[in-house]
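Asks: Work out the full structure, taking the sequences as your base and the hints as a guide.
Protein chains in written order, with my numbering: chain Y, 54 to 422; chain C, 54 to 422; chain S, 54 to 422; chain Z, 54 to 422.
Hints are supplied without guarantee of correctness; some may be wrong.
A short list of chain Y residues far from chain S (calculated; beta carbon distances all over 12 Å) [what the hints assert, rightly or not]:
| id | residue |
| --- | --- |
| 1 | G94 |
| 2 | T113 |
| 3 | E157 |
| 4 | E235 |
| 5 | T276 |
| 6 | E278 |
| 7 | R303 |
| 8 | D307 |
| 9 | T312 |
| 10 | R368 |
| 11 | A369 |
| 12 | A393 |
List of simulated lysine-lysine pairs, BS3-like, C-alpha gap at most 30 Å [said to hold, decoys possible]:
| id | chain 1 | residue 1 | chain 2 | residue 2 |
| --- | --- | --- | --- | --- |
| 13 | C | K81 | C | K258 |
| 14 | C | K81 | C | K128 |
| 15 | Z | K258 | Z | K239 |
| 16 | Z | K239 | Z | K211 |
| 17 | Y | K239 | Y | K211 |
| 18 | C | K81 | Y | K239 |
| 19 | C | K394 | S | K339 |
| 20 | Z | K128 | S | K339 |
| 21 | Y | K394 | Y | K339 |
| 22 | Y | K128 | Y | K67 |
| 23 | S | K211 | Z | K258 |
| 24 | C | K258 | C | K211 |
| 25 | Z | K394 | S | K258 |
| 26 | Y | K258 | C | K239 |
| 27 | C | K128 | Z | K211 |
| 28 | Z | K394 | Y | K394 |
| 29 | S | K128 | Y | K128 |
| 30 | C | K258 | Y | K211 |
| 31 | Z | K211 | Y | K339 |
| 32 | S | K81 | S | K67 |
| 33 | S | K258 | Z | K211 |
| 34 | Z | K258 | S | K128 |
| 35 | S | K211 | C | K394 |
Residues from chain C that face chain Z, not an exhaustive set, calculated with beta carbons under 10 Å [as the list claims (entries may be wrong)]:
| id | residue |
| --- | --- |
| 36 | F114 |
| 37 | K258 |
| 38 | M273 |
| 39 | S274 |
| 40 | T304 |
Please keep in mind that the hints were generated in silico from the structure rather than gathered at the bench. Note that CB positions come from ideal geometry on N, CA and C, so glycine has one too.
There are 4 protein chains.
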Amino acid sequence: MGTKQGVLMLIVMKAHASEEQVERVCEKIEALGFRAHALPGAQRTAIGVTGNQGEVETGTFDEMEGVQEVIRVSKPYKLVSRDLKEEDTVVRFPGSDATFGGDEVAVIAGPCAIESREQAFAAAECVARAGARFFRGGAYKPRTSPYTFQGLAEEGLKILAEVRDRFGLLIVTEAIDNESLELVEKYADVIQIGARNMQNYSLLKRAGRAHKPVLLKRGMSATLEELLMAAEYIMSEGNYNVILCERGVRTFADHTRNTLDLSIVPAVQRLSHLPIIVDPSHGTGKRNKVTPLSRAAVAVGADGLIIEVHPDPDRALSDGTQSLFPQQFADLMVEVRQIAKVLGRSVAEPVANPIAHRGNVTAGSAAAR
Amino acid sequence: MGTKQGVLMLIVMKAHASEEQVERVCEKIEALGFRAHALPGAQRTAIGVTGNQGEVETGTFDEMEGVQEVIRVSKPYKLVSRDLKEEDTVVRFPGSDATFGGDEVAVIAGPCAIESREQAFAAAECVARAGARFFRGGAYKPRTSPYTFQGLAEEGLKILAEVRDRFGLLIVTEAIDNESLELVEKYADVIQIGARNMQNYSLLKRAGRAHKPVLLKRGMSATLEELLMAAEYIMSEGNYNVILCERGVRTFADHTRNTLDLSIVPAVQRLSHLPIIVDPSHGTGKRNKVTPLSRAAVAVGADGLIIEVHPDPDRALSDGTQSLFPQQFADLMVEVRQIAKVLGRSVAEPVANPIAHRGNVTAGSAAAR
Amino acid sequence: MGTKQGVLMLIVMKAHASEEQVERVCEKIEALGFRAHALPGAQRTAIGVTGNQGEVETGTFDEMEGVQEVIRVSKPYKLVSRDLKEEDTVVRFPGSDATFGGDEVAVIAGPCAIESREQAFAAAECVARAGARFFRGGAYKPRTSPYTFQGLAEEGLKILAEVRDRFGLLIVTEAIDNESLELVEKYADVIQIGARNMQNYSLLKRAGRAHKPVLLKRGMSATLEELLMAAEYIMSEGNYNVILCERGVRTFADHTRNTLDLSIVPAVQRLSHLPIIVDPSHGTGKRNKVTPLSRAAVAVGADGLIIEVHPDPDRALSDGTQSLFPQQFADLMVEVRQIAKVLGRSVAEPVANPIAHRGNVTAGSAAAR
Amino acid sequence: MGTKQGVLMLIVMKAHASEEQVERVCEKIEALGFRAHALPGAQRTAIGVTGNQGEVETGTFDEMEGVQEVIRVSKPYKLVSRDLKEEDTVVRFPGSDATFGGDEVAVIAGPCAIESREQAFAAAECVARAGARFFRGGAYKPRTSPYTFQGLAEEGLKILAEVRDRFGLLIVTEAIDNESLELVEKYADVIQIGARNMQNYSLLKRAGRAHKPVLLKRGMSATLEELLMAAEYIMSEGNYNVILCERGVRTFADHTRNTLDLSIVPAVQRLSHLPIIVDPSHGTGKRNKVTPLSRAAVAVGADGLIIEVHPDPDRALSDGTQSLFPQQFADLMVEVRQIAKVLGRSVAEPVANPIAHRGNVTAGSAAAR
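Replies: Here it is in structure tokens:
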């Protein structure tokens, strides 16, 4: 029977341990019925050992070649922790300069839902022009009412793939169950897990077996620890490319739809190596608050922004009142670019002709540094 | 393209409308591409019309035989509403006197998780003896950490089925995704959807297609409307046997794990015909608070209680500190039985020999009155 | 300079220590620049030592006659703690059988604000008839807007005193600053400190020097510890007749004005000897929720209720929508009387002719057992 | 008897109305038993009419000379509203360039409590050197426990006055009741009302009669409307120099002491002409979060910051863990200065020798533009 606490050991390899030595340690871990997570750092590789079938003898690995130290980790979050990996995780995309967690502040922008090819293309063109590298747009919408627009499903995903081909934007879109996740993995570049599903552990595990990075949104009343543990679920299955996202929490305050908790950004960065971005659109629910809170998010040190922009917000099928007009988004980009500079970071420059600009982005798999 | 608001019409049939007339109206609804939900009441049958493909002409049904009135419902919750069905829904179980929403206050009791046949039987015997008619116990546990005990899965469900056979207890257990729901539907009597999945709409829709009643727990920060809308998702797929459950919400207060919000019981009963029960175990997270809050829950008018009882709480694999000792549960039953009487309700009497007592309960499908 | 933590010693006297011995210990404490709080219990007297000017040597008192033990208390709340006084505090009133914390569940009822003699008398007659022993009614109203009715001030207090004389009801009314507290102390039987002033420490200290019991309402977002510490402020000044009151806390939930947190009742009773009552009127803000939550409050074990009743709620100058009609209150009393019996407690019986009934209640000082 | 809703009329004077005409309108208002609040704007003067003794006939003023329009205001907040005064209120100080609500972002810094002249001078020197224009430090501390350090009272105020004389810093310090307010008004430049007293209406009214600006902190669970209504209380008594302050609200989140709600800054600025500043020290309760949240506060558009700085945080008598070290504060000032520039604002430059620098600041009365 499983233990109550779970177990994690951290095997720190020597600075110059060979790949073979790392591999042999991993093999031994798996032979004992545990899972090995080798995360190479700038200086050294650390191997996380997870499992819920009892404990490993610490001594088992002490004498193996290349092993420097074996550490028992008592915090509930393990693979997400800076204990395992000191440097920031940088999520990269093959054939693209875009990253999460690098020097550049990532900007994801686009409509709440994909409504039509025409709408998607119009939105994509304006966000690409303003400098966004990522395009968002829901094909599967978790709506409070079963009687409202639920998204275009695979048809929407195909439109998103066209957006990537045409505008060179990387695609971020939400999966709401195992079936949609499979399709999202196929068509998109980043798999989004929404706030309502942050503790849908079955979905998190499936995302952990996907070969694309995962954007994990904080649940409406999730603590910092619960957010990190949700990321741990994904990582425990072998997918280490997780991007966290603050999107506002539920409080008594009624002047915004949610209360955007920017303090979680430095709090995450202290405890975890994972990048964290901010969603001021859902975080406030009001168009006129999006720009000031975007500035604040970059100023607090967020690794990115995800922003709703609609070519015609007043006719949006969902979330119209929080979507920016294209010009507002362009202005926002100018402001956050300047704020980013103060922190020694950058935001991608505007692109005069986005269609011609980036032809070679392909939906490949990403790899963390 | 779908409308933003969703549509619901309510077709109220005449008091003496024939079944055939009801059927003909339903056929017409479906022929128009909508879904018909015929909910018979004590006086008359009302038919809810749902769909998200535009609106029906009200006039379409006015002239049909047996139709008394056609009403447009503007509230976001429709099938759950008392507008559709004035009388309380009573969830019944074939071959059993147990109900949710009837005169008797339903009591579900048992351990947090099924750990072994021995543990399950020990728990079942003591809760049956004290008068519980329903047995709870998780086979699939949504745990915060991927490294802690996640439940015995189908093995646990089989033990639960044995508990029903042996002790005549109806089985309530949680499903966490579509796959586990299929198995829970097969083995158990009530399918539980946990708080973390209250807005997992994909799972709610699947539960709406199941042939067993669904116990839907309020999410950790769900408003009354969101709870009702989650129930609406289930009902919109045709499963009208939904039992709501208050299990505490997340607030700043730190003397209990959650803040049990008993005021939602009369609030739900005002708006909806669905039964609502209370979970004081998760609602407080502390053993010494379970009995006083159980009394309060029955006093406020709840239709049932769900309580964690473990034969040996100190060795429980999960939630030990909130599980009652068997004797505490027996005492609790004595107290709530007296409180129920003040409200003109009852709680099932203790059973001297539970094994012999109820032999004929079978895992059949339930039907709402 | 003061210490950061504060200091409390608890000097436990022997079972048969004489009053003189107690007095001598108290004198010694005061001579050292500390404050002595002698709280007699059923078995023995305990003397709390408070002060913020450094620490007393424990040894100082060990050798004194009648002293059994000297204990250092590390919890932040000291005089309110069961460590100091094991038995429940019962707040008594000279010339009356009414208590807080005794076997009888105390019921305070009346309008939100005193609007006129006529209104007060009408309300008083009906609540007295139904069995309430305490009359509430604001003379000083802390209103959100400076432009709304702020109460009749001393004129209102005089009407309240007339109510006591005429109907034999004990008067509970709110003080909002030092000046009004002085007047409330003069005219009323219980000084209420409202939720908004729970951390108005200047007012708490003044209430601690008053010679009437204090009803202290929990602040809108106060933790259990903060509530107990607010009571500690009052007690630290020498007034040990403090009654706590749960009145709902602020959360995201919007189906009631506040979220009534009944779990704090057993939580307080575990840690403190002070009585705690519940205010379901402010706790829910909705008339139709007051009766069910009153039943629940008595069932959870509350020592009393405070309920808004207005002879004509629709014309009330404040809080009309949460005030009960007289008949609703009479019905409520019948229900809570039955619930109280289940817990081995009572609620005062109805009174056919309240004017004749109790002539000898006077505004005297109260004394804790 | 008072009306329930309160009344406000807004009398808009013509662009070139003479002072005499304004005066005559005010006299008429007062003669009718109401209060006149003349707030001159850049274009025109608007006169607010408040009172709770019934309503004024709108027609009464229509015909008076200089009157352009008479408007009835239905919002609960009236004098604080942009309806009354379109331009931002700028709080000014005689003999100083410092402002709240002007182009410069105001910085208030200093220790939580004044502990000694030595500590105060050390703190003052370093914050002045880094560019702060205002010095904070509590002489009256509202502490959760009656047994902890409560401040040096008038002795502390005298030290603060010396700090002003020596370092040219304007003094901001808290009043906790009417008596301390009188002293604070005498010694300091800005009277602070703490979060716990935000709805201490008696104190707010007293502050409204003071001749110094008031810094009003948002209560721990105050809504935007409640914050504005608290400011309305102050203004309704004739003191129009109110500065609002966001200092974090109470939520379930536990990674910071409070949840800093930066979205209230643009929300206040939309509705009200009053300046609003941010307190990242109390807002997070953690030293390592103060700098990132200060950057965010300036980026979101706050009119100022209030920050705890202690010459030796580890020995502070209160709030040590959230106080910055002097060097951290100096670094913070460099960062926020750059962020302010992006928004077209400024932060005062560092001062090499603060003692010599500003000799001529005196504790005079402030005047709003």
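Asks: With reference to the structure, classify each hint as holding or not holding.
Replies: Each hint tested on the structure:
no. : hint              : result
1   : G94               : 41 Å, holds
2   : T113              : 43 Å, holds
3   : E157              : 36 Å, holds
4   : E235              : 34 Å, holds
5   : T276              : 15 Å, holds
6   : E278              : 20 Å, holds
7   : R303              : 5 Å, violated
8   : D307              : 9 Å, violated
9   : T312              : 10 Å, violated
10  : R368              : 29 Å, holds
11  : A369              : 25 Å, holds
12  : A393              : 33 Å, holds
13  : K81(C) / K258(C)  : 24 Å, holds
14  : K81(C) / K128(C)  : 24 Å, holds
15  : K258(Z) / K239(Z) : 17 Å, holds
16  : K239(Z) / K211(Z) : 10 Å, holds
17  : K239(Y) / K211(Y) : 10 Å, holds
18  : K81(C) / K239(Y)  : 40 Å, violated
19  : K394(C) / K339(S) : 26 Å, holds
20  : K128(Z) / K339(S) : 23 Å, holds
21  : K394(Y) / K339(Y) : 27 Å, holds
22  : K128(Y) / K67(Y)  : 23 Å, holds
23  : K211(S) / K258(Z) : 25 Å, holds
24  : K258(C) / K211(C) : 25 Å, holds
25  : K394(Z) / K258(S) : 47 Å, violated
26  : K258(Y) / K239(C) : 24 Å, holds
27  : K128(C) / K211(Z) : 62 Å, violated
28  : K394(Z) / K394(Y) : 12 Å, holds
29  : K128(S) / K128(Y) : 28 Å, holds
30  : K258(C) / K211(Y) : 25 Å, holds
31  : K211(Z) / K339(Y) : 47 Å, violated
32  : K81(S) / K67(S)   : 17 Å, holds
33  : K258(S) / K211(Z) : 25 Å, holds
34  : K258(Z) / K128(S) : 37 Å, violated
35  : K211(S) / K394(C) : 44 Å, violated
36  : F114              : 43 Å, violated
37  : K258              : 29 Å, violated
38  : M273              : 9 Å, holds
39  : S274              : 8 Å, holds
40  : T304              : 6 Å, holds
When held up to the earlier numbered hints, the structure conflicts with 7, 8, 9, 18, 25, 27, 31, 34, 35, 36, 37 and fits the remainder.
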